[in-house]
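**Q** The primary structure of each chain is shown beneath.
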Amino acid sequence: MAAEKSSIKIITLIAADGSVFEVEPNIVKEMKTVQSYIDELDQNTVSIPLPNVFGNDLAMIIEYCKKHASEEETKEAKEEFDFEFVKRMKSDDKLRLLQAASYLNMESFLQFMAKAIAAEIENQSVEFVRDYFQIESDFTPEEEAELRKENEWAFK
Amino acid sequence: MEKLVALTNEELKVRNKLHHIHDDLALSILSKLPLKSIKRFECVNKSWSILFENHNFMKMFRNHFLYNNDYDYGDAFILLQELPVTGDPHYVWSFYLLSGESQFHNKIKLDLPFSIDDSRTGIFILGFNSINGIICICRQTPTNLRIVLWNPTTAEFFVIPPSPEECVPHRGCYFEFLGFGYDHIRDDYKVIRHITFHHIINNEEDVSLKDRWVDTVLEVYSVSSNSWRILDIDMPYHQNDDFLLGAGVHINAMCHWWGVTHSFVDECLVSFDLINEALVTTPASLDMYEGCELGHMVRYLVVLNESISLISNYPETTTYYISILGELGVEKSWVKLFMVESIPFIDYPVGVGKKGNICFNKFLDELLWIDLSTHIIDEVGLNGQSSKIGIYKESLFSIRGINN
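So the sequence lines, in the order shown, correspond to chains W and E. The numbers in my numbering rise by one with no breaks, and the one at position 86 of the first sequence is 86. The numbers in my numbering rise by one with no breaks, and the one at position 120 of the second sequence is 1120.
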């Protein structure tokens, strides 16, 4: 089994919009969804369709994985990269990447995106968060007023 | 594998809109927020309003609380050990520096560069942890309190002089709410304490009781002024912490103690702001512990990963609850976070470490660490009654500041 695995040289990932990415096996190690698929095969090249991930997002995820898989990069350089990586993203991008991370079963990237989103909403209002996650309130106005009064300290 | 269907960008957008973020993902995000933000977002919808009852969420929140703290606490501990002497009512005190990869690989016995131990009684480290590498060592006698600041790395020490209040004849002092802290605005170390007085009976001196009577006093010492100053602040509380000597914690230029009202009915967190010299109290949440009346629990106040935390124990049991405070002054911001139970033979906690490790004294006076998330137990390899352990971070800072 180990010999079969190591025989795979190149993995082709196909995003939902049809865009194609060729990557080395060590890049997809963190993508458990992809990895489990590869583990079942014994061929030199594999192409894997990822119908729930968009091309732009997959490009970003691969960029992240490449940086973090690199043994030459220092811890500081990786942290600097993480900072810039999040900085250039819009809210929608973060949510989509979080969902992609969940679909690809990438635990540490998922935690990283969740943290980035938490940092964005931390000081925001209830209304902002509802809008952000597209959540409808299921409180009656009275229920909501009561809860807001109870948690008054959290609004200061 | 799903069949590949290439979608246009427009189709993708529509498809994306339809997909709300999954509950588990939302919980993962929320678990990374401070308590205050979580409490605010309880008003988002009904399912978010009961997050603290959600087992899944609590698991994530605890995990984040324990492991996602970048604060550099330093990687060593100071241990104060007390050993009885055969045929002698007194104890021998020793200070140890514990360090190394596996927390206690290196144990170095520290010699005090000053003398404080002449009666071999009542020695303690105030507030357990070092502040900028400086620890505050005290010895209480029936009449006064000796206080020395000490940097074990540089061996520098600084003896805090007694206050005029301690030097009145026929009057003894009882100290509560003792705290050592750092005012970063003025780059100054301070000691705060509340003194209650009692009379020392001396039949040969004829001083009327009335002349000797004095109210209690809250006073603060500052290293930069090298003097004590009485504060015009009432302290209508007693200390109620089972750590006893040296109990109380310091974080962000504030000293905190677990207190109780004079009537011994209502418990609360008593905090003193060293920068603004003001007292803040935070009532204990009455619903914190079902089935046990307030005032009957054994309490230990600690700082766990930068949060003010209260360890509570039902007397005579080995069940410990740990609650953290979200916001100073807000009773409703206490959250019960951990329960440690069924660990045999543990007696009482002696201090906390990093990542939520708690050090307990075991019966037969052995020390052990308990990891709050895994419940893995590590032996410290040191015995000793009433030992206290505090986090120590080596530093070359001078006690009297950079300018001295």
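Simulated from the structure, these hints should not be mistaken for laboratory data. Predicted model, so just to flag it, every value in this text is computed and none were measured. The reader is advised that the hints may include incorrect statements.
To be verified - FRET-style restraints, in silico, Cβ to Cβ:
hint, chain 1, residue 1, chain 2, residue 2, range
1, W, K75, E, N1063, 43 to 51 Å
2, W, E127, E, R1062, 24 to 32 Å
3, E, K1107, W, N44, 20 to 28 Å
4, W, K75, E, E1306, 19 to 27 Å
5, E, I1343, W, E120, 19 to 27 Å
6, E, K1332, W, E122, 16 to 24 Å
7, W, F128, E, N1063, 22 to 30 Å
8, E, P1283, W, R130, 29 to 37 Å
9, E, S1373, W, A59, 31 to 39 Å
10, E, P1283, W, K75, 40 to 48 Å
11, W, K75, E, H1105, 54 to 62 Å
12, E, H1020, W, E122, 19 to 27 Å
13, E, S1395, W, F128, 36 to 44 Å
14, E, H1170, W, E152, 45 to 53 Å
Glycine included, C-beta positions come from ideal geometry on N, C-alpha and C.
**Q** Between S1373 of chain E and A59 of chain W, is the Cβ distance one that fits in 31 to 39 Å?
**A** 36 Å, holds
**Q** For the hint 19 to 27 Å, verify it against the beta carbon of I1343 of chain E and that of E120 of chain W.
**A** Between I1343 of chain E and E120 of chain W, where Cβ atoms are some 40 Å apart, the hint is violated.
**Q** E127 of chain W and R1062 of chain E, beta-carbon distance inside 24 to 32 Å?
**A** Taking Cβ atoms as reference, E127 of chain W and R1062 of chain E lie about 29 Å apart, which means the hint holds.
**Q** Could one say that the CB atoms of K75 of chain W and N1063 of chain E fall in the range 43 to 51 Å?
**A** 22 Å, violated
**Q** If I claimed the Cβ atoms of K75 of chain W and H1105 of chain E lie 54 to 62 Å apart, would that claim hold in this structure?
**A** Since the Cβ atoms of K75 of chain W and H1105 of chain E sit about 24 Å apart, the hinted range of 54 to 62 Å is violated.
**Q** Can you let me know if the beta-carbon spacing of P1283 of chain E and R130 of chain W is within 29 to 37 Å?
**A** 32 Å, holds
**Q** Within 45 to 53 Å or not, the Cβ separation of H1170 of chain E and E152 of chain W?
**A** Holds - the Cβ-Cβ distance for H1170 of chain E and E152 of chain W, about 51 Å, lies within 45 to 53 Å.
**Q** Tell me if the beta carbons of S1395 of chain E and F128 of chain W are separated by a distance inside 36 to 44 Å.
**A** Holds: the Cβ-Cβ distance is about 42 Å, inside 36 to 44 Å.
**Q** Should the hint that K1107 of chain E and N44 of chain W are 20 to 28 Å apart at their CB atoms be regarded as holding?
**A** At 56 Å between Cβs, range violated.
**Q** Take the C-beta atom of H1020 of chain E and the C-beta atom of E122 of chain W, compute their distance, and say whether it sits inside 19 to 27 Å.
**A** Given a distance of about 21 Å, which is inside 19 to 27 Å, the answer is holds.
**Q** For the range 40 to 48 Å, tell me whether the beta carbons of P1283 of chain E and K75 of chain W fit it or not.
**A** The hinted range 40 to 48 Å holds for P1283 of chain E and K75 of chain W, with Cβ atoms some 44 Å apart.
**Q** Take a look at whether the Cβ-Cβ distance between F128 of chain W and N1063 of chain E falls inside 22 to 30 Å.
**A** 26 Å, holds
The structure fails to meet hints 1, 3, 5 and 11 from the earlier list, while all remaining hints are met.
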